[in-house]
Each structure stands twice: as structure tokens, then as C-alpha cells.
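With the hints as constraints, model all of the structure from the sequences given.
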Amino acid sequence: MRHYFFDLKQGGKGHNFLQISCSERQRDGSYHRNRIIIFLRDLPMVIEALTSVCHHASYLKLDQPRQVAVQAEKSQDLKLSTSPEADASVAPINRLKKNGACSLTDEELVSLLFSAGLSGGQSVELAKKLLKECGGVIGLSKAPVNQLKSLPDIGDVRSSAILAASELARRINVG
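Start counting the sequence shown at 130; every next residue gets the next number (this note's numbering).
Using 30 Å as the maximum straight-line C-alpha spacing, the simulated DSS-like pairs for lysine-lysine come out as follows:
1. Lys226 to Lys258
2. Lys257 to Lys227
3. Lys261 to Lys226
What the hints contain is simulated information worked out from the structure, not anything from laboratory work.
Encoded structure:
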């Protein structure tokens, strides 16, 4: 049986943090505990990240739940990485390989469709501009090829990759 605890605490240097603990009873009668610590100054960013995860999860039709990758320290405290900027040295392709596609933002996923010929940062910036121009992922999936090709740095190859990915997503949702 699992029990969850939400505690507001104060650290040694006066930093306030939220500690979320999960205590699970083991077969031998002992308890195993995992903790996530979120500093209050980071709480808005964490809430935004969780909102994004829930938003994307609502589009997934999975028979089995996916696990979100977290880094565990030896002390069993967990650190939550909430944004790609938290570790800018890790390119979207490497994060996809390590943590799965569900760990990437919309911009990073789109950037992977046309990252050839661009550095990781350039492709993410281009994807941000494209998503803004189209009104997000839904707008992007409905954009006609002529609209996509009229945008700077989006030619036949990149617009075709976007349309192909949109069609695959449509077929997955239908099927």
C-alpha cells in the first residue's frame, strides 16, 4: 500500500521547499520511501511542466502508463528537471534517446523533424517560430503546404516532414 505526503519545509539557509514523499509498504513489513523536493521559487516552473505533461498525456492513448525519467541521488531524494534549459548541453535528440519522446517539448519534437542542416539550438528556435505562426501543434497539423513553405527557412523538405508527421499522427488516432 502506498501513502503520499505533502510537506512544506524550511531548509538550513531559510529556503522554503515542498517535499512530496511516497511511502510504500514492503512484503517484509518495512517501508520504502521516495522523496521529491521542489524549492518554492521553482514551483511555478514545476506547475507549468506538470501542466504540459498532463496536456500531452491527454493526447496519448496508451494501454500502459509511461514513467517520467528522474534522477535519483544516493540519498533517495529525487531531483525533477522541469525544462530543457535546466540542462542546455543535452540536445533534443539525446534527450529523446535517453528519456523517450514524451520528455520533449512541442518545439523540440518539431525541431527533430527538420534538424538536418541546423544546430540543435537553431532548429528549436525555428520550431518555436513555426509553432507561434501556426498557433501551436494543432494549427501546425492543419496548415496547408503553401503556408508552411511561405515561412522563412521552411522549404519543400521541412514542410513535407511536418505534413508526413501530421498524417502519421492522424492515422494513429483513427486506427
